[in-house]
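Residue numbers (the numbering used here), protein chains in the order written: chain Z, 1 to 114; chain B, 1 to 112.
What the hints contain is simulated information worked out from the structure, not anything from laboratory work. Beta carbons are placed, not taken as given, at the ideal position from N, Cα and C, and that holds for glycine. There's no promise every hint is true.
[Stated by the list, open to error] Quick list of the computed label-pair ranges, beta carbon to beta carbon: (1) B/S62 x Z/E20: 36 to 42 Å; (2) Z/Q71 x B/G3: 19 to 25 Å; (3) Z/S26 x B/G28: 28 to 34 Å; (4) B/R81 x Z/D8: 22 to 28 Å; (5) B/S58 x Z/S52: 36 to 42 Å; (6) Z/H10 x B/P55: 34 to 40 Å; (7) Z/Q58 x B/G3: 32 to 38 Å; (8) Z/W83 x B/D18: 22 to 28 Å.
[To be verified] In silico contact screen, one side only, chain B against chain Z (beta carbon under 10 Å); selected entries: (9) V4; (10) S7; (11) A31; (12) Q37; (13) L91; (14) A93; (15) R108.
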Amino acid sequence: AQSVTQPDIHITVSEGASLELRCNYSYGATPYLFWYVQSPGQGLQLLLKYFSGDTLVQGIKGFEAEFKRSQSSFNLRKPSVHWSDAAEYFCAVGVNSGYSTLTFGKGTMLLVSP
Amino acid sequence: GAGVSQSPSNKVTEKGKDVELRCDPISGHTALYWYRQSLGQGLEFLIYFQGNSAPDKSGLPSDRFSAERTGGSVSTLTIQRTQQEDSAVYLCASSLGDGTAFFGQGTRLTVV
């Protein structure tokens with residue numbers, strides 16, 4: 001079975017600084033990989049996804065993520081954080097087939113300081 | 001509709017009562033998921049429907065939990081004899097089957 005680890009429970013970043021959120025997965029084959037964001041009281045919004053091809057994927061709101069097979073990682077990055085990015089971020093892995101549940105990490109809470 | 005719709009948005013129930021949570025997925029989406037989100041616990045998978053296949057119920061925590069999906073569209077999650085530990089946000093998502101899930105706003109269930 002697949003699993004996802006997000007090692008950082010909380011991260012605080014100054015507004016305008018760069019951001020990297022870590023995600024490691026465990027799965028025997030090439031997975032589908034996702035990053036979602038959840039603002040307080042809201043559902044989850046898809047930021048970006050990786051299925052195949054180019055290992056650097058671009059998403060909404062200026063986010064990008066890089067799939068590194070050798071490290072089983074899919075870290076999320078943003079070059080300059082805005083106060084509105086404060087939220088909880090979830091990494092998820094899906095099985096590479098047409099029958100795919102999603103397994104989520106426990107999330108990383110991003111705090112943005114002025 | 002344009003997105004996944006869940007109702008009610010909030011539900012307070014007394015311990016021991018049954019509750020039904022509803023999910024209207026995006027039209028045409030063949031896959032539907034239910035997750036539970038408890039404070040500090042991340043998202044816990046409950047059940048997955050894909051087309052006409054038998055649902056994957058492997059995440060249901062007890063036999064008090066059940067779900068059905070009628071006509072390949074609307075889904076209802078039923079919790080019987082609710083307990084305080086059932087208090088959580090219940091999230092529904094739908095997908096075209098490639099795993100790209102679109103989530104509803106969730107139902108916050110409080111058992112008192």
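A quick look at each hint next to the structure:
The hinted window of 36 to 42 Å between B/S62 and Z/E20 holds, with their beta carbons roughly 39 Å apart. Checked against the hint of 19 to 25 Å, the C-beta distance between Z/Q71 and B/G3 comes to roughly 35 Å, which is inconsistent with it. Restraint check, Z/S26 to B/G28: a C-beta distance of roughly 32 Å satisfies the suggested window 28 to 34 Å. Taken as a hint, the range 22 to 28 Å is violated for the pair B/R81 and Z/D8, whose Cβ atoms sit roughly 38 Å apart.
Range check, B/S58 to Z/S52: Cβ separation about 27 Å, and the 36 to 42 Å hint is violated. Distance hint for Z/H10 and B/P55: a CB-CB separation of about 35 Å, consistent with the stated range 34 to 40 Å. About 23 Å separates the C-beta atoms of Z/Q58 and B/G3, a value inconsistent with the hinted range of 32 to 38 Å. Distance hint check: the CB atoms of Z/W83 and B/D18 are about 43 Å apart, inconsistent with the given range 22 to 28 Å.
Hint status for B/V4: holds, given a least beta-carbon distance of 8 Å to chain Z, under 10 Å. Violation of the interface hint for B/S7 is found here, the shortest Cβ-Cβ separation to chain Z being roughly 13 Å, above the 10 Å cut-off. About 8 Å separates the beta-carbon of B/A31 from the nearest beta-carbon of chain Z, less than 10 Å, and the hint is met. Interface hint at B/Q37: satisfied, since its Cβ lies 9 Å from the closest Cβ of chain Z, which is below the 10 Å cut-off.
Against a cut-off of 10 Å between C-beta atoms, the interface hint on B/L91 holds, since the closest Cβ of chain Z lies about 6 Å away. The interface hint given for B/A93 is met, as the beta carbon of that residue sits about 8 Å from the closest beta carbon of chain Z, less than 10 Å. At about 9 Å, the closest approach between the beta carbon of B/R108 and any beta carbon in chain Z falls short of 10 Å, and the interface hint on this residue holds.
Going down the numbered hints, you'll see the structure goes against 2, 4, 5, 7, 8, 10, while the others check out.
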